[in-house]
Amino acid sequence: MTIVLKIPANVHLLIKENQSVDFETPFFEFKTKKTINISIAKKLFVRPDKIFRYLKKLVGENVEKCEIIAEKKNFLSSKRIVSSNDGIIKEINHDLGEITLEINEKNQQLRLCYFKGKIKKIEKNKIEVELGKKIDIEGKNINEDQGGEVFYLKESDQLTADKINKKIIVCETLKSFNQIKTEALGASGFITLTKVNEPTNLFSCQIKKIEDFKKIFDYQYSYCIVDQPSSKIIFYQSL
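Going from the sequence shown to our numbering is simple: count from 1 and add 444.
Don't take each hint at face value.
[As the list claims (entries may be wrong)] Each computed DSBU-like pair below joins lysine-lysine, with the alpha-carbon atoms no more than 35 angstroms apart:
{"no.": "1", "residue 1": "Lys652", "residue 2": "Lys639"}
{"no.": "2", "residue 1": "Lys501", "residue 2": "Lys570"}
{"no.": "3", "residue 1": "Lys577", "residue 2": "Lys658"}
{"no.": "4", "residue 1": "Lys607", "residue 2": "Lys625"}
{"no.": "5", "residue 1": "Lys450", "residue 2": "Lys598"}
{"no.": "6", "residue 1": "Lys598", "residue 2": "Lys584"}
{"no.": "7", "residue 1": "Lys501", "residue 2": "Lys517"}
{"no.": "8", "residue 1": "Lys523", "residue 2": "Lys460"}
{"no.": "9", "residue 1": "Lys478", "residue 2": "Lys577"}
{"no.": "10", "residue 1": "Lys577", "residue 2": "Lys534"}
{"no.": "11", "residue 1": "Lys460", "residue 2": "Lys598"}
{"no.": "12", "residue 1": "Lys610", "residue 2": "Lys598"}
{"no.": "13", "residue 1": "Lys460", "residue 2": "Lys500"}
{"no.": "14", "residue 1": "Lys625", "residue 2": "Lys610"}
{"no.": "15", "residue 1": "Lys516", "residue 2": "Lys478"}
{"no.": "16", "residue 1": "Lys477", "residue 2": "Lys565"}
{"no.": "17", "residue 1": "Lys639", "residue 2": "Lys450"}
{"no.": "18", "residue 1": "Lys478", "residue 2": "Lys494"}
{"no.": "19", "residue 1": "Lys658", "residue 2": "Lys570"}
{"no.": "20", "residue 1": "Lys509", "residue 2": "Lys577"}
{"no.": "21", "residue 1": "Lys565", "residue 2": "Lys659"}
{"no.": "22", "residue 1": "Lys568", "residue 2": "Lys653"}
{"no.": "23", "residue 1": "Lys653", "residue 2": "Lys577"}
{"no.": "24", "residue 1": "Lys625", "residue 2": "Lys450"}
{"no.": "25", "residue 1": "Lys494", "residue 2": "Lys534"}
{"no.": "26", "residue 1": "Lys562", "residue 2": "Lys509"}
{"no.": "27", "residue 1": "Lys501", "residue 2": "Lys475"}
{"no.": "28", "residue 1": "Lys619", "residue 2": "Lys578"}
{"no.": "29", "residue 1": "Lys475", "residue 2": "Lys487"}
{"no.": "30", "residue 1": "Lys534", "residue 2": "Lys516"}
{"no.": "31", "residue 1": "Lys659", "residue 2": "Lys562"}
{"no.": "32", "residue 1": "Lys486", "residue 2": "Lys475"}
{"no.": "33", "residue 1": "Lys562", "residue 2": "Lys534"}
{"no.": "34", "residue 1": "Lys577", "residue 2": "Lys562"}
{"no.": "35", "residue 1": "Lys509", "residue 2": "Lys578"}
{"no.": "36", "residue 1": "Lys450", "residue 2": "Lys486"}
{"no.": "37", "residue 1": "Lys639", "residue 2": "Lys570"}
{"no.": "38", "residue 1": "Lys450", "residue 2": "Lys509"}
By construction, these hints were calculated from the structure, which means they are not laboratory data.
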């Protein structure tokens, strides 16, 4: 079984097609665009309005790191300007004698995969992931994409870190005491039928229909994906 997940804009994907991934696999890192100005005239000692004679690239063309972007030759030697970044030529200014290069600056914010499966296909703004058996249900109050291993909480359960740590808690109603305790034991989020009682910094959302809640408790699949664009919660098994 497969699921299609959207990819945020302005990210650098760290996964590949046919790759098996889990919750420790780097998914993507955010990148931001910035521009840098390179003074061709000053570096080559030429007049600003003459730089076009020496440029190897035009506006709109891609530039790779270490690629020559301008070169001035004479009989005895040559002087080259090499790009220190990958980017795109955005502007050539003949008044100042410089070019503007737009580059993608990698952000240190890294997102790990919030799903476990195999990457079947990667497209421009989405990926297709192969999972094991799954159930799709309607959710509500979903503000972000999330996922992970699931712990189905019952009234009789003894709460320990081994059971709770790094897991998404699924239950009908989360009592304040249990919410505080599971957060302290390392829970990563909450999926409930009714809203959580206490304010929380963890992810939380609700199951829309009581019959769906009963269904997922009967199946008790090991993992879940919370998909914000579709307002769906997918409970599934690994391959």
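Against the structure, the hints come out as follows:
1. Restraint check for Lys652 and Lys639: the C-alpha separation of about 11 angstroms stays at or below 35 angstroms, so the hint holds.
2. At most 35 angstroms may separate the alpha-carbon atoms for a hinted pair to count; Lys501 and Lys570 meet this at roughly 32 angstroms.
3. For the hint pairing Lys577 with Lys658, the CA-to-CA distance comes to about 17 angstroms; that is within 35 angstroms, so the pair holds.
4. As the CA atoms of Lys607 and Lys625 are separated by approximately 12 angstroms, the hinted pair is consistent with the 35 angstroms bound.
5. Restraint check for Lys450 and Lys598: satisfied, since their Cα atoms lie roughly 33 angstroms apart, inside the 35 angstroms limit.
6. A distance of roughly 22 angstroms separates the Cα atoms of Lys598 and Lys584; the hinted pair therefore holds under the 35 angstroms criterion.
7. Of the supplied pair hints, the one linking Lys501 and Lys517 holds, its CA atoms being roughly 16 angstroms apart against a limit of 35 angstroms.
8. For the given pair, Lys523 sits about 40 angstroms from Lys460 by alpha-carbon distance, which is inconsistent with the 35 angstroms threshold.
9. Straight-line distance between C-alpha atoms of Lys478 and Lys577 comes to about 44 angstroms, which puts the hinted pair past the 35 angstroms bound.
10. Between Lys577 and Lys534, the direct Cα distance comes to roughly 48 angstroms. Violation of the 35 angstroms bound is thereby established for this hinted pair.
11. For the suggested pair Lys460 and Lys598, the alpha carbons sit about 39 angstroms apart, so the restraint of at most 35 angstroms is broken.
12. Taking the CA atoms of Lys610 and Lys598, the gap is near 18 angstroms; set against the 35 angstroms cutoff, the hint holds.
13. Restraint check: the Cα-Cα separation between Lys460 and Lys500 comes to about 33 angstroms, which is no more than 35 angstroms; the hinted pair holds.
14. Proposed proximity of Lys625 and Lys610 is supported: the alpha carbons are some 14 angstroms apart, at most 35 angstroms.
15. Straight-line distance between C-alpha atoms of Lys516 and Lys478 comes to about 27 angstroms, which keeps the hinted pair within the 35 angstroms bound.
16. For the given pair, Lys477 sits about 26 angstroms from Lys565 by alpha-carbon distance, which is consistent with the 35 angstroms threshold.
17. Between Lys639 and Lys450 the CA atoms are separated by roughly 26 angstroms; this keeps the pair inside 35 angstroms, and the hint holds.
18. A hinted pair counts as satisfied when its Cα atoms are at most 35 angstroms apart, and Lys478 with Lys494 qualifies at roughly 26 angstroms.
19. For the hint pairing Lys658 with Lys570, the CA-to-CA distance comes to about 31 angstroms; that is within 35 angstroms, so the pair holds.
20. With a C-alpha separation of about 45 angstroms, the suggested pairing of Lys509 with Lys577 is violated against the 35 angstroms cut-off.
21. Among the hinted pairs, Lys565 with Lys659 is consistent with the structure: their alpha-carbon atoms are about 30 angstroms apart, no more than 35 angstroms.
22. Restraint check for Lys568 and Lys653: the C-alpha separation of about 34 angstroms stays at or below 35 angstroms, so the hint holds.
23. The suggested pairing of Lys653 with Lys577 holds, with an alpha-carbon distance near 21 angstroms, which does not exceed 35 angstroms.
24. Of the pairs offered as hints, the one joining Lys625 and Lys450 holds, with about 34 angstroms between alpha carbons and a cut-off of 35 angstroms not exceeded.
25. Straight-line distance between C-alpha atoms of Lys494 and Lys534 comes to about 18 angstroms, which keeps the hinted pair within the 35 angstroms bound.
26. Restraint check for Lys562 and Lys509: the C-alpha separation of about 32 angstroms stays at or below 35 angstroms, so the hint holds.
27. For a cut-off of 35 angstroms, the pair hint linking Lys501 to Lys475 stands: about 24 angstroms separates their Cα positions.
28. Only pairs whose Cα atoms come within 35 angstroms are accepted, and Lys619 paired with Lys578 is accepted, the gap being roughly 28 angstroms.
29. Restraint check for Lys475 and Lys487: satisfied, since their Cα atoms lie roughly 29 angstroms apart, inside the 35 angstroms limit.
30. Of the pairs offered as hints, the one joining Lys534 and Lys516 holds, with about 22 angstroms between alpha carbons and a cut-off of 35 angstroms not exceeded.
31. Note on Lys659 and Lys562: the hinted pairing holds, with a Cα-Cα distance of about 26 angstroms set against a maximum of 35 angstroms.
32. Of the pairs offered as hints, the one joining Lys486 and Lys475 holds, with about 31 angstroms between alpha carbons and a cut-off of 35 angstroms not exceeded.
33. Our distance criterion of 35 angstroms between C-alpha atoms is broken by Lys562 and Lys534, whose separation comes to about 38 angstroms.
34. Among the hinted pairs, Lys577 with Lys562 is consistent with the structure: their alpha-carbon atoms are about 13 angstroms apart, no more than 35 angstroms.
35. Under the criterion of a C-alpha separation no larger than 35 angstroms, the hint pairing Lys509 with Lys578 is inconsistent with the structure, at around 44 angstroms.
36. For the hint linking Lys450 to Lys486, the alpha-carbon distance of about 46 angstroms lies beyond 35 angstroms, and the restraint is violated.
37. A distance of roughly 30 angstroms separates the Cα atoms of Lys639 and Lys570; the hinted pair therefore holds under the 35 angstroms criterion.
38. Of the supplied pair hints, the one linking Lys450 and Lys509 holds, its CA atoms being roughly 30 angstroms apart against a limit of 35 angstroms.
This entry does not satisfy hints 8, 9, 10, 11, 20, 33, 35 and 36, going by the numbered hints stated previously.
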